[in-house]
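Chemist: Join these two chains into a complex; the hints should help.
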Amino acid sequence: MEKLKQQFGVRATDSLFECGFYSRDMAPVPSLLVDPLFNTRPDIVVRPVDAVETAGILKTAFADNIPITPRAGASTVYFNSVPVKGGIVIDLNLIAGIEDIDEAAMTVTVRAGTTWLELEKYLNPLGFALKSFPSSAPAASIGGWFSMMGYGIGSIKYGSLLSQVQSIEVILPTGECRWLTNDTKPPLAWFAASEGTLGIITRLTLEIRRLSSMKHFLLAFTDVGEMRRALESIINAPVVPYNLHFADKRYALAMQSLGFSPSDTASSCTLGIDYEGSRAELDIVQNMIIRLFGDDRTIRLFPEEEARREWTGKFNALRLKRGGPSVLGGEIWLPVKTLPGYLADIKKKADCYGLDLISYGHVVTRERAAVMTLFYTNETRIGSYILDLAMVKKIHDVGYRHGGWPYGVGLWNTPYLGRIFTLPYLNELRLRKQMLDGRGIMNPGKLYRAPFFLNPVSFAVGMGTLAAVRRITGRSGRR
Amino acid sequence: MREIITKPFTGMEDEALICGRCGYCRSACPVYNVVGWESATPRGKIAKAKEIFSQGKQTELSAEFVQRMAQCTLCGACAQECSTGIDTRKMWLELRKRIAALGREPKAYKALRDNLQEKKNISNFSNDERLEWAQDLDDPAVLKPRAGAAVGYFVGCVSSFFPQAAQVPLAIAEIFSKAGVDFTSLGGEEWCCGFPLISTGFVDEARQFIRHNVDKIRQLGIHTLVASCPSCYSVWKEDSREALQGYDLEILHTTEYLVRLIKEGRLSLQEIPETVTYHDPCDLGRTSGIYDAPREIIRSIPGVRFVELPHHREQALCCGGGGTLQSVDAALAAKIARLRAGEIRSVGATVVVSACQQCEQMLTAAVREAKMPVRVLDVSQLVLEAMD
Ligand SMILES: Cc1cc2nc3c(=O)[nH]c(=O)nc-3n(C[C@H](O)[C@H](O)[C@H](O)COP(=O)(O)OP(=O)(O)OC[C@H]3O[C@@H](n4cnc5c(N)ncnc54)[C@H](O)[C@@H]3O)c2cc1C
Ligand code: SF4
Ligand code: SF4
Numbered sequence: 001m002e003k004l005k006q007q008f009g010v011r012a013t014d015s016l017f018e019c020g021f022y023s024r025d026m027a028p029v030p031s032l033l034v035d036p037l038f039n040t041r042p043d044i045v046v047r048p049v050d051a052v053e054t055a056g057i058l059k060t061a062f063a064d065n066i067p068i069t070p071r072a073g074a075s076t077v078y079f080n081s082v083p084v085k086g087g088i089v090i091d092l093n094l095i096a097g098i099e100d101i102d103e104a105a106m107t108v109t110v111r112a113g114t115t116w117l118e119l120e121k122y123l124n125p126l127g128f129a130l131k132s133f134p135s136s137a138p139a140a141s142i143g144g145w146f147s148m149m150g151y152g153i154g155s156i157k158y159g160s161l162l163s164q165v166q167s168i169e170v171i172l173p174t175g176e177c178r179w180l181t182n183d184t185k186p187p188l189a190w191f192a193a194s195e196g197t198l199g200i201i202t203r204l205t206l207e208i209r210r211l212s213s214m215k216h217f218l219l220a221f222t223d224v225g226e227m228r229r230a231l232e233s234i235i236n237a238p239v240v241p242y243n244l245h246f247a248d249k250r251y252a253l254a255m256q257s258l259g260f261s262p263s264d265t266a267s268s269c270t271l272g273i274d275y276e277g278s279r280a281e282l283d284i285v286q287n288m289i290i291r292l293f294g295d296d297r298t299i300r301l302f303p304e305e306e307a308r309r310e311w312t313g314k315f316n317a318l319r320l321k322r323g324g325p326s327v328l329g330g331e332i333w334l335p336v337k338t339l340p341g342y343l344a345d346i347k348k349k350a351d352c353y354g355l356d357l358i359s360y361g362h363v364v365t366r367e368r369a370a371v372m373t374l375f376y377t378n379e380t381r382i383g384s385y386i387l388d389l390a391m392v393k394k395i396h397d398v399g400y401r402h403g404g405w406p407y408g409v410g411l412w413n414t415p416y417l418g419r420i421f422t423l424p425y426l427n428e429l430r431l432r433k434q435m436l437d438g439r440g441i442m443n444p445g446k447l448y449r450a451p452f453f454l455n456p457v458s459f460a461v462g463m464g465t466l467a468a469v470r471r472i473t474g475r476s477g478r479r
Numbered sequence: 480m481r482e483i484i485t486k487p488f489t490g491m492e493d494e495a496l497i498c499g500r501c502g503y504c505r506s507a508c509p510v511y512n513v514v515g516w517e518s519a520t521p522r523g524k525i526a527k528a529k530e531i532f533s534q535g536k537q538t539e540l541s542a543e544f545v546q547r548m549a550q551c552t553l554c555g556a557c558a559q560e561c562s563t564g565i566d567t568r569k570m571w572l573e574l575r576k577r578i579a580a581l582g583r584e585p586k587a588y589k590a591l592r593d594n595l596q597e598k599k600n601i602s603n604f605s606n607d608e609r610l611e612w613a614q615d616l617d618d619p620a621v622l623k624p625r626a627g628a629a630v631g632y633f634v635g636c637v638s639s640f641f642p643q644a645a646q647v648p649l650a651i652a653e654i655f656s657k658a659g660v661d662f663t664s665l666g667g668e669e670w671c672c673g674f675p676l677i678s679t680g681f682v683d684e685a686r687q688f689i690r691h692n693v694d695k696i697r698q699l700g701i702h703t704l705v706a707s708c709p710s711c712y713s714v715w716k717e718d719s720r721e722a723l724q725g726y727d728l729e730i731l732h733t734t735e736y737l738v739r740l741i742k743e744g745r746l747s748l749q750e751i752p753e754t755v756t757y758h759d760p761c762d763l764g765r766t767s768g769i770y771d772a773p774r775e776i777i778r779s780i781p782g783v784r785f786v787e788l789p790h791h792r793e794q795a796l797c798c799g800g801g802g803t804l805q806s807v808d809a810a811l812a813a814k815i816a817r818l819r820a821g822e823i824r825s826v827g828a829t830v831v832v833s834a835c836q837q838c839e840q841m842l843t844a845a846v847r848e849a850k851m852p853v854r855v856l857d858v859s860q861l862v863l864e865a866m867d
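Quick mapping for you: the protein sequence lines, in order, are chains A and B. For the first sequence, position 196 matches number 196 in the numbering used here, and the numbering has no gaps at all. Here the numbering used here = 1-based position in the second sequence + 479.
With a straight-line Cα cutoff of 27 Å, these simulated BS3-like cross-link-like pairs (lysine-lysine) come out:
1. B/569 with A/314
2. B/589 with B/576
3. A/131 with A/121
4. B/850 with B/814
5. A/85 with B/536
6. A/5 with A/85
7. A/121 with B/814
8. A/121 with A/314
9. A/5 with B/814
10. A/5 with A/59
Covered, in the sense of this in silico footprint (three residues per stretch, anywhere, with C-beta under 8 Å from a C-beta of chain A), are these stretches of chain B:
11. 503–515
12. 525–534
13. 537–545
14. 556–569
Rather than coming from a laboratory, the hints here were simulated on the basis of the structure. Glycine residues also receive a C-beta, built at the ideal position from the N, C-alpha and C atoms.
Chain B extracted, bound-state conformation (with noise of 0.2 Å):
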């Protein structure tokens, strides 16, 4: 089931007056929890965006507010905890479009997105590389791209061309086919969802990417589509659907079409005897309302003594990892992965489980860097163990 919270937003200029500087939001806030000034506070963030944009002063748009306005993982823990319920997350997409209009955006976002126009994705590879992960599999045609399969698997930027992340495609591929699913990709015609595009102001430039994307699927026929990344996630069920209008598309998440083949008995689990807790990604929890199917599949597994985080479900502290922070302000990102680390630790679990290959590049850097005896897996890569 999907929770979230919906909360109208009124455009950015009458939200930021709406602010009563209450200040609910700063201690959920991860980057204010480390860098401890008041301007890094959403609401600080806030207030000077009240002066620049709802009373007309431009000129307080400083190089200082463009910085606090990039270091800013999009966690929506400000949201979550607002007392006037401002969508919070969205005034921050919002502003930073706003910076990108005034060409003020951060030099990290330019490149970016120039590398995303010529590339279609965030690596420095040619888009034709998009299946080089599936090699390693025993039979990598399988992912070729296939008109009619009954599933599409949008693999992701990060999955598909960073050696670190492939553990989890790999994964997922293989769950698939050992379940009997009859699946494909659009392989080298897979484009970056658009997130980075949004999450950094650009948010007409994303339209083109997720145009694109939706064109390869109508074209495949494919009518339910699995996403392994949260954001890609998040871009496809929300940004998408004016593309989508008329198309039936049935969009989940890994978690989700996971649950349903445990549920339908397509995947027999074998015992781990681990305690195991999660790490809620925040664009699959508090962006998306889905905190109950990793639970139910990490549960249904034998053996497992299942233990949640301090912070955990809608309360979840952030890895670090989101909004494009690493671009900006890679120490920022993982002195908040720390704080996180610090939470495992507390828990004393063997296996920290995620659902999004960010949140587990970070929480990996940081427990080897605290030298945790803790192992950093994807869902699927649990239930593939189970399944071995």
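The following block holds chain A by itself, in its conformation from the complex (with noise of 0.2 Å):
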């Protein structure tokens, strides 16, 4: 540690306060809960400004057995880039910029730690566009989503974030730089959701697309059952939206109620569907929507500058939180046929709990969608917080049911690893984590395995126990 701080001078640090604001994701979860079970202070920050830098870091680790958590943009919620052992964090965040755009092969490479919106921001005045996104672009960096699920906007048109991405230069835990190409041993798909664990991207060379004009539709439906089958058949329509999110009456309501949403749609469920592509594909799309719908008097289309209002927020969805104080909830990668269903369990979850529970998402492959569920709390009310907590897993519970697991696992979601993946895949990711990080320095504690205290069974116990407790209770945090 000492040798990393003479060697990065004011880009290392072991200060306890500084130490301190690594220690956290955007989970509020309560140090009562998280001090006791886990180290989660880095002993030292260090922030690379490249390649040869961390590789330096990741040497030494490797050498000393040191834990290495990388971190960029932090805007993920399981603890995916917080320590659990302590450690160093590697702070991406200055390997950015944009080092070269080739018109002929339609790439970019990119430095890992730019933000999606930075890229997009540079591509658009160039004439090109990002082929897909997460909404949390003005936060999030190209080698973050690329190391967790990558699905978000545009997805739905242009597939996963992996298959846009044609090379990667990754440091692997011994320290060794790579290109790594999908022909090359090990190939870059290992990396793709692989949260950290298997060594550090810092480079990336991914597809783009040429910047075209946008149309924008928001529907409204009294009925889940009509949302869904409105779903479908855009889904299933020859020009695919390049995003299609949807949300149910609560969501419509919390809006409405923070003044974010117009009061028209607050009885209803909304779908919100953009479109991309040649004016000759835009209107075509434009006719279809109306034989579609605009017959129907049962679904209501609402003017595009309304539809457009939606697409300008996309980024903004956190704007829920104005009505909680704090939010807890689940995200949970979801057949778009089982929606319907879902909504209507998690409906009954509400009721049975007296929660108001509130559901939104994306369609982001033809058949999945990535829904969030989540309700208001109040985290200064610490034992009521805590039974909470146990609703998060009785969202998770309600999704299983319908096909569903959750979307992502850092620390926080390993006891659902069961339902993630099936166990020869879950043998399949150790093997790879053994082969590459033999020694477990990279994001230790996270993504193969469950700690104790979070095995399934315990996990269930205590979770289920919690619920029982803020049943008979009636304590929620947000009363």
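Modeler: Written out as structure tokens, the structure reads:
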């Protein structure tokens, strides 16, 4: 550690004050629950500027068996970028900037710490655009999203981020620097969704598209079944949307009460559909939407201005927090076809536990949607807040019954590993980890197995007990 | 037209809880972009404020946190980006107030407050010398306080006492004279507008200054006030409302007033063959919503080729000079100014115009240091040049 401090000077710190800021991500989990179990405060934080410096840190860590946690935007919620065993946090935000656009190949090479919004802002004036990006683009980094699931806005049309990345520069736990493609050993795919547990990505070459015009639609339905039928006709139509997002009535109501949504969506679930393409394609789309929904009196088609407003607010789902002050919830990777059943069961759960559950999400493949279901609580009322934490498992359980599982793992979703991966695939992942990081220095405690306190059985018992207490006492953080 | 995003502010404790730690504010923050540590991000500071004030862990109020709170230009870029609509600028002001109430403010803030209370201005000079700069005018007496004048010019401390900034009031006084504006000033009765006190957490102390200035304006029977300093302007516009109740006072920034003079045909502008860019002062743009007036003025000068900086209007980068940052960390302020100088270089401007004497000082130092062949002017100086 001393060596790193000397080597990095003002770009390394072991100050208790500073390191404390790296001991959390977005998740407001009370210290009471975290501190006795995990060492989330790094011993040192280092900010390298490039691959060479990053390799140097990894060599030192490898030699001395020091845990490494990569951290970029820290816009994740499962402690993905928070250490659980102290050690070194590598803050990757200085490894940023756009290196090259290859117009012939339609690719861009970008450093991993660049945010998606920065890249899009760079590309657009040049007549290019991203094929997809997360709805946290102002904060999320290119390397961070690649290291997570990589589905978001644009995925339904252009596929996962993994399918768009042609090569990556990665520093392996030994400090070795490699350029990986689909044909190398290991292939770059191993690093997608690996959550910083196999190495550190410093550069990526990814596909881009030509910037095109857009058309936006916003529909409101009184019935979720209707909405699912509409979703299916849109998904199966010849022109694929760029973005397809939906929200239930509770979401519309919450947004309306906060003044963010038109008042006449409040009694409906809504569907936002965004297309990009040539003028001719957009004309086809316009006619298609009118043909599909124009005559149906149960469906409301909003003026395009409202639809464009929804699109403009695409990064701002967190505005919901204004109704909180705190929110808890779960994000589920759900089959589109089970969405109505899921929402109906969520409503039952809400009634049973006296919760106000709000759901919204994006359809990100033809079959799957990433659905967020959340509820308001108050983290300052520690007792009730801990009881509310049990409700997160209830949400995941409803998702599981409808063929869904948590989107992303980190630390907090390790109890659900058996739902997220089949055993053979989990074993395959463990094998990769063993091959590349036998010493287990890269982001230890995440992704591959649940720590003792989070093993599925004790976790289920613990959460079940809390849920029962909550139900009997009627206590919740909100009240 | 003023375009300000109005955001509900439900109190510091609640807003700190609403923050989702998403980090949208982080990339926009000039201080974070220079300092680079998480503790310097808006979300980091809010997280700590949440611990201290929303969760009652007063022991977390460390000297390091106080330093981070002082390392902020109050530029409001974070508020612009905030995904949950937190008025973070208001948050910083409130936090500085709380820190001062606990007696934990930086020494430099205390010194500034004591000096202001003694001198009524931010310099070491006696307040009687407010109109020293006017000695360079053909007729310095034109600024002597006079009841019933059509326009009261509120000069501001920096323009009044710092020779580098004197060109701004000189240009304004000359333009007004040439345009036949019936104007006056408060002379030695102009006190600091109160912004330095508000921005360092001494809000109660600031009220005395605000009340004094309002009383003087009332006594002179002035009904149109023009301020050239965006911070003074924002205090007049927002913080003086209560003191001004029942008194009819139109409050304008010089850029708004100059546009009016141009539209009325009272200024005849000659050609200036230069490539001009405009730096939006944070307190004029994001805080007060004035983006168009300065651009209209620049565009109305024949021969000017106007180019925007990469970050402009709502997204403009700060010059580093706001939030009383210089008094606690001048080196950091200068580094922020360098970032802006880099943008100025990238657009190939020969003149960079702004509408704030503080921004102009920061940018002048930065372009000089970078040896850039660029002149930094106040919009009023550019107008005067076009009139000569
Ligand atoms: C409002 C909001 C909307 C969101 N929308 C989406 C969405 O549409 N789709 C989605 O998938 N997620 C979404 N997220 C979650 C999150 O923002 C994304 O997963 C994001 O891509 C994470 O990027 P980051 O830079 O913040 O990574 P971090 O949170 O810093 O890190 C994430 C993980 O990747 C690792 N890591 C980071 N950088 C590297 C690197 N260069 N090399 C190796 N490992 C690395 C870290 O160790 C950690 O395990 C959203 C979050 C918010 C707050
Ligand atoms: S006001 Fe400006 S300097 Fe201060 S935290 Fe916000 S963005 Fe940073
Ligand atoms: S953008 Fe707003 S909500 Fe997000 S971290 Fe910054 S202050 Fe908090």
